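Protein chains: 2
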Amino acid sequence: MIQDFTIHTFLEKLSSKSPTPGGGGAAGLGGAIGAALGEMVVNLTLGKKRYADVEEEMQSFLEKLETLKSEFLRLADEDEVVFVPLAAAYGLPAVTVEEKKHKEEVLEAHLLAATLVPLMVMERALETLDIMEILAEKGSRLAVSDVGVGVQFVRSALLGAKMNVSINTKSMKQREKARQLQDRADKLAEDGIGKADTIYARVEAALKAE
Amino acid sequence: MIQDFTIHTFLEKLSSKSPTPGGGGAAGLGGAIGAALGEMVVNLTLGKKRYADVEEEMQSFLEKLETLKSEFLRLADEDEVVFVPLAAAYGLPAVTVEEKKHKEEVLEAHLLAATLVPLMVMERALETLDIMEILAEKGSRLAVSDVGVGVQFVRSALLGAKMNVSINTKSMKQREKARQLQDRADKLAEDGIGKADTIYARVEAALKAE
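Protein chains in written order, with the working numbering: chain F, 1 to 210; chain D, 1 to 210.
Misleading hints may appear alongside valid ones.
Which copy is meant is left open, so a pair is good if it fits within one copy or across any two.
[Claimed, not checked] Pairs of lysine to any residue residues, derived as SDA-like cross-links and limited to a Cα-Cα distance of at most 20 angstroms, are as follows:
| id | residue 1 | residue 2 |
| --- | --- | --- |
| 1 | 48 | 91 |
| 2 | 49 | 3 |
| 3 | 173 | 208 |
| 4 | 64 | 16 |
| 5 | 13 | 3 |
| 6 | 138 | 206 |
| 7 | 187 | 197 |
| 8 | 173 | 90 |
| 9 | 17 | 183 |
| 10 | 187 | 105 |
| 11 | 138 | 66 |
| 12 | 49 | 183 |
| 13 | 138 | 16 |
| 14 | 13 | 1 |
| 15 | 103 | 190 |
| 16 | 49 | 8 |
| 17 | 177 | 18 |
| 18 | 13 | 43 |
| 19 | 64 | 134 |
| 20 | 173 | 209 |
| 21 | 170 | 142 |
| 22 | 48 | 184 |
| 23 | 13 | 105 |
Just so you know, these hints were derived from the structure itself, not from any lab.
Since this is a predicted model, take the numbers as computed values, not measurements.
Turn these sequences into a full structure, and let the hints guide you.
Shown next, in the form of structure tokens:
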């Protein structure tokens, strides 16, 4: 699992020409880094007199962010799991009519699986941004800059994952299904960029105002 | 050093309320992930007949990206090195006139050091984007989506680091010096966002056109 690698080893594997971990695994890790920064802000807010009013809300964020962090890491691993059979499917023979039909069916199934994983990364990114938005407003002022950094990582997870949705929907034969999935990714990206950039701008304004 | 942690341990430390690693360390790591994805694209391009014309250029990128990756990791560690004495300086006594003067001088020196590290992350981010721009155009078409993912990570390093420049320049007493450093960060962020978003849009267009 990705989380068991040292950062040195992960970066070596990422740099290599071996297809996994690649952009998909990196996107999942980006989401986990963003969620972890959110947790840090929550941990710096909890137990502080000044923020006693939001103690309960912060506690619920801690659990949600912990779940999101695990989910992002699971999806980073899952990206590898769905990629291997997809790469193998591209190598299937396609000489006879039966072989062509079989290859097309197998490819289609694996392309769908390889699209759904980054789409889930994008959905988790939106959920994380919803929490970051409240953290930027109610979290400890001492850690507001970390909300800004976290938001950028979640944004990179969102747009990194979108790349992987696009390369897979492009090759799908069921064009209507492919379009629906791509539309969903485009909408998530648009909403997420808007949300991330708004939160970051608010954090910048908060830093200047202090 | 950050690179010796497992990803699990790094994320645990990042999530905790302990101040390091925090946003600054994460920003450095983001840059290293972006540079590593660039290296992956280079490694998938090198030795391929179709890309024989750019073999030499790719070889030079490999060396540059390897250096940038190491630099980002070194700056992630350095962020911790400069933060510890800065946090200690905030705790210095400031009762007598001499104490106040001494605290102000010590704080000012550590604030400057803590500003220069993220500023260097931003400069390295721009250098990485310059290479990614050419990779998006000349690198293996099979890995163009990884250029798009890498660019997002470099962008998160750039804007994550900018947060840390801002929180430190804000507290500096030498306002003219602080303004110069902040102007430099603002300019790097503006240039980098423009560059990153242009490259990402080009990769998206290339994916659709194929």
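Status of each hint after checking the structure:
1. For a Cα distance limit of 20 angstroms, the shortest separation of residue 48 from residue 91 across copies, 19 angstroms, qualifies, whereas the shortest one inside one copy, 58 angstroms, does not.
2. Taking the shortest Cα distances, residue 49 and residue 3 never come within 20 angstroms of each other, neither inside one copy (35 angstroms) nor across copies (36 angstroms).
3. Taking the closest pair of Cα atoms, residue 173 and residue 208 come within 20 angstroms of each other only across two copies (15 angstroms); inside a single copy the shortest separation is 52 angstroms, beyond that limit.
4. Taking the shortest Cα distances, residue 64 and residue 16 sit within 20 angstroms of each other only across copies (15 angstroms), while inside one copy they are farther apart (34 angstroms).
5. With identical chains, the CA atoms of residue 13 and residue 3 are at most 20 angstroms apart both within one copy (13 angstroms) and between copies (13 angstroms).
6. For the homomeric pair residue 138 and residue 206, the shortest alpha-carbon distance inside one copy (12 angstroms) is at most 20 angstroms, but the shortest distance between copies (42 angstroms) is not.
7. With identical chains, the CA atoms of residue 187 and residue 197 are at most 20 angstroms apart both within one copy (15 angstroms) and between copies (18 angstroms).
8. Taking identical chains as interchangeable, the C-alpha atoms of residue 173 and residue 90 lie at most 20 angstroms apart only when both belong to the same chain, with a minimum of 14 angstroms there against 62 angstroms between chains.
9. Within a single copy, residue 17 and residue 183 get their C-alpha atoms no closer than 31 angstroms, and across copies no closer than 39 angstroms, so neither meets the 20 angstroms cut-off.
10. In this assembly of identical chains, the alpha carbons of residue 187 and residue 105 never lie at most 20 angstroms apart, being 28 angstroms within a copy and 51 angstroms across copies at closest.
11. In this homomeric assembly, residue 138 and residue 66 come within 20 angstroms of each other (Cα to Cα) only inside a single copy, at 19 angstroms, whereas the closest approach across copies is 40 angstroms.
12. Proximity of residue 49 to residue 183 under the C-alpha cut-off of 20 angstroms is found in neither arrangement, the shortest distances being 46 angstroms within a copy and 36 angstroms between copies.
13. In this assembly of identical chains, residue 138 and residue 16 lie within 20 angstroms of each other by CA distance solely across copies; the values are 18 angstroms between and 42 angstroms within a copy.
14. Taking the shortest alpha-carbon separations for residue 13 and residue 1, both the intra-copy value of 13 angstroms and the inter-copy value of 19 angstroms come in at or below 20 angstroms.
15. When the C-alpha separation of residue 103 and residue 190 is checked against a cutoff of 20 angstroms, the pair qualifies neither within a copy, at 34 angstroms, nor between copies, at 47 angstroms.
16. Within a single copy, residue 49 and residue 8 get their C-alpha atoms no closer than 40 angstroms, and across copies no closer than 31 angstroms, so neither meets the 20 angstroms cut-off.
17. Taking CA atoms no more than 20 angstroms apart as the test, residue 177 paired with residue 18 passes in neither setting, with 30 angstroms inside one copy and 47 angstroms between copies.
18. Only between protomers do residue 13 and residue 43 lie at most 20 angstroms apart by alpha-carbon distance; the minimum there is 12 angstroms, versus 32 angstroms within a single protomer.
19. With identical chains, the CA atoms of residue 64 and residue 134 are at most 20 angstroms apart within one copy only, with a shortest distance of 13 angstroms there and 40 angstroms across copies.
20. Taking the closest pair of Cα atoms, residue 173 and residue 209 come within 20 angstroms of each other only across two copies (17 angstroms); inside a single copy the shortest separation is 53 angstroms, beyond that limit.
21. Taking the shortest alpha-carbon separations for residue 170 and residue 142, only the inter-copy value of 13 angstroms comes in at or below 20 angstroms, while the best intra-copy value is 45 angstroms.
22. Taking identical chains as interchangeable, the C-alpha atoms of residue 48 and residue 184 are never at most 20 angstroms apart, the minima being 40 angstroms within one chain and 36 angstroms between chains.
23. Taking identical chains as interchangeable, the C-alpha atoms of residue 13 and residue 105 are never at most 20 angstroms apart, the minima being 31 angstroms within one chain and 45 angstroms between chains.
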